[in-house]
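One line per chain: the protein sequences are H and P, in this order.
Residues in the first sequence are numbered consecutively from 16, following our numbering.
Residues in the second sequence are numbered consecutively from 359, following our numbering.
No lab work stands behind these hints: they were computed from the structure.
One or more hints might be untrue.
[Claimed, not checked] Partial list, derived from the structure: chain H residues whose beta carbon lies under 8 Å from chain P:
id, residue
1, Leu-35
2, Met-37
3, Ile-100
4, Arg-114
5, Arg-141
6, Glu-201
7, Gln-311
[Unchecked claim] Taking lysine-lysine pairs in the DSSO-like style, the calculated list, with each CA pair at most 27 Å apart, reads:
id, chain 1, residue 1, chain 2, residue 2
8, H, Lys-112, H, Lys-87
9, H, Lys-133, P, Lys-372
10, H, Lys-253, H, Lys-133
11, H, Lys-112, P, Lys-418
12, P, Lys-372, P, Lys-434
13, H, Lys-133, P, Lys-529
14, P, Lys-434, H, Lys-112
All of these numbers come straight from a predicted model, not from anything done at the bench.
All C-beta atoms in this analysis are idealised placements derived from N, C-alpha and C, irrespective of residue type, glycine included.
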Amino acid sequence: MAKRKTSFGRDTGLQARMLLTMFLLGLVYVVFVGVLFAAGAGAGIIVIFAVGMLLLQLFASDKIAMSTMGVKEVSPLEEPELHGIIERLCVQADIPKPRVCVMETSMPNAFAMGRSQKSTTVCATRGILNLLSPAELEGVMAHEITHVVNRDVMVMTLASFFATLASLIMQFAFFFGGGYGDQEEEQDVMIVIVVSVVVYALSFVLLRALSRYREFAADRGSAVLTGRPSALASALLKISGTMDSVPTQDLRVAEGMSAFFIIPARAKKSLMNVFSDHPPLEQRLAALERLESQLQGAA
Amino acid sequence: MGLRDILTGRHEVKGPAPDHLFAITTAYITLSAEHQIEPAGTAAIVFQALATSEFESTLKEMEEVVTATGGESATKVGTEEDNYGYRWMVLRNPEGTPNVEDLAVGINAVSSSIETAGHGERLLCAVFAFTDARGRRIYFIYNYKRGTWYPFVPDPAQPQQRISERELQIKAQMSGEMPIEPELERWFPLWGIPI
């Protein structure tokens with residue numbers, strides 16, 4: 016492809032980390048499959064069961080989620096602004112328009128569902144529609160649309176297939192522990208169970224890392240799609256409620272030192288970061304700030 | 359979008375497709391002669407304005423260029439911002455002398471200067487306004503990402519409603535004359551067009 020000038024640089028580091036995570040995940044899975052095969056027949060039924068689960072997840076999870084969470088599809092007449100924002104983003108991203116839903120809850124949030132571009136639903140809660148300005152809402156919807164374009168639902172479902180399998184084996188072992196007469200066979204079963212536990216633990220951490228990288232990629236995608244990284248940053252601040260800590264009172268009006276809020280120093284919870292599926296807000300804001308300065312420095 | 363892009367979660371915004379903007383300069387003759395759809399003498403281009411000083415100065419230069427080239431036909435240029443934060447650059451022929459070629463040249467000058475500045479992926483659409491025999495406003499929208507055209511007929515009586523029947527008639531009449539977007543679900547409406 017011919018090189019052309021773009022408003023944003025490449026994010027080689029993020030891509031490298033993402034690929035490394037997927038490689039490690041694959042490695043864990045290969046070992047796991049090897050052990051399953053070595054253990055022989057008993058595992059076969061579980062594998063078939065897991066494939067069934069996978070298909071169910073891919074094809075029905077969005078419908079199940081929609082019916083249990085009280086998500087309602089809205090027409091352009093009911094939500095003209097939301098539809099307008101999404102339509103323009105679809106032109107910009109060159110994708111067909113997804114179904115647009117609203118969830119009647121005051122909690123500000125948004126999400127995208129569906130395995131392919133053709134069968135996608137984007138959903139915003141009433142809370143987020145009330146909270147955000149159009150530009151901020153556009154940033155959030157662009158983030159969700161990037162999840163769709165990147166096929167994140169598909170990627171994460173497939174990536175977690177063997178983790179699901181390992182957790183199934185653990186559950187089976189828990190319910191039907193022992194009862195296998197033959198001593199040698201029992202040993203095999205024990206090995207499978209131990210390996211399953213290890214696989215589950217490793218893949219859990221790796222999947223969470225992968226999910227965080229996909230979030231960063233979607234933030235970046237949103238910034239590239241809208242050309243307004245700071246609008247998304249402001250939306251994230253509002254959603255997380257920390258916007259309150261940015262003072263709105265004029266410095267001159269405020270009396271003395273009371274204008275200088277002490278922003279509580281947060282302890283670095285590095286271990287918690289490993290288990291989280293969304294990156295910490297500070298890191299997302301920092302990444303968006305880098306994008307904004309790339310944009311401003313593009314001259 | 360390839361497998362590698364899916365794995366790395368990387369999606370770059372598409373730049374403009376091969377240019378079919380000038381299809382309107384031949385199509386309008388057929389529209390006028392055979393279907394009584396007359397040009398209204400206005401056109402606009404809509405894009406995302408980046409909040410950088412570089413982009414703003416590009417826009418400013420561009421406005422001067424368009425005003426200068428439109429000098430002999432006295433085409434006027436104006437800018438507007440809509441509710442969604444998109445920027446519209448509106449070109450108006452003088453009253454009573456609609457000139458589609460001039461408008462297309464002007465729109466093309468705007469889009470190519472945005473592209474030259476390296477922001478081609480910010481272009482959304484160009485819109486040309488027409489009026490049919492019953493005085494109804496008909497828009498032809500050009501999608502820069504796909505390089506295709508589609509008609510858009512908003513219902514004057516009801517907000518947020520479009521007259522699909524009329525749009526499909528126009529599609530049937532004009533599909534030989536200009537590249538009409540084949541996928542109907544990509545005929546995105548643009549409400550509140552300022553022309």
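Evaluated hints:
1. Leu-35: violated, 11 Å
2. Met-37: At about 7 Å, which falls below the 8 Å cut-off, the nearest Cβ of chain P leaves the hint on Met-37 (chain H) intact, so it holds.
3. Ile-100: With Cβ-Cβ at 6 Å, under 8 Å, it holds.
4. Arg-114: Since the shortest Cβ distance to chain P is 12 Å, the answer is violated.
5. Arg-141: With a closest approach of 20 Å, the Arg-141 (chain H) hint is violated.
6. Glu-201: Status violated, d = 40 Å.
7. Gln-311: Nearest chain P Cβ about 5 Å off; hint holds.
8. H:Lys-112 to H:Lys-87: Since the Cα atoms of Lys-112 (chain H) and Lys-87 (chain H) sit roughly 17 Å apart, the hinted pair holds (cutoff 27 Å).
9. H:Lys-133 to P:Lys-372: This hinted pair holds, its Cα atoms lying about 19 Å apart.
10. H:Lys-253 to H:Lys-133: violated, 31 Å
11. H:Lys-112 to P:Lys-418: Outside the cut-off at roughly 34 Å; violated.
12. P:Lys-372 to P:Lys-434: Not satisfied, since the Cα-Cα distance of roughly 30 Å exceeds 27 Å.
13. H:Lys-133 to P:Lys-529: Status holds; Cα separation ~24 Å.
14. P:Lys-434 to H:Lys-112: Violated, at about 35 Å.
Comparing the model with each numbered hint stated earlier shows that hints 1, 4, 5, 6, 10, 11, 12, 14 do not hold.
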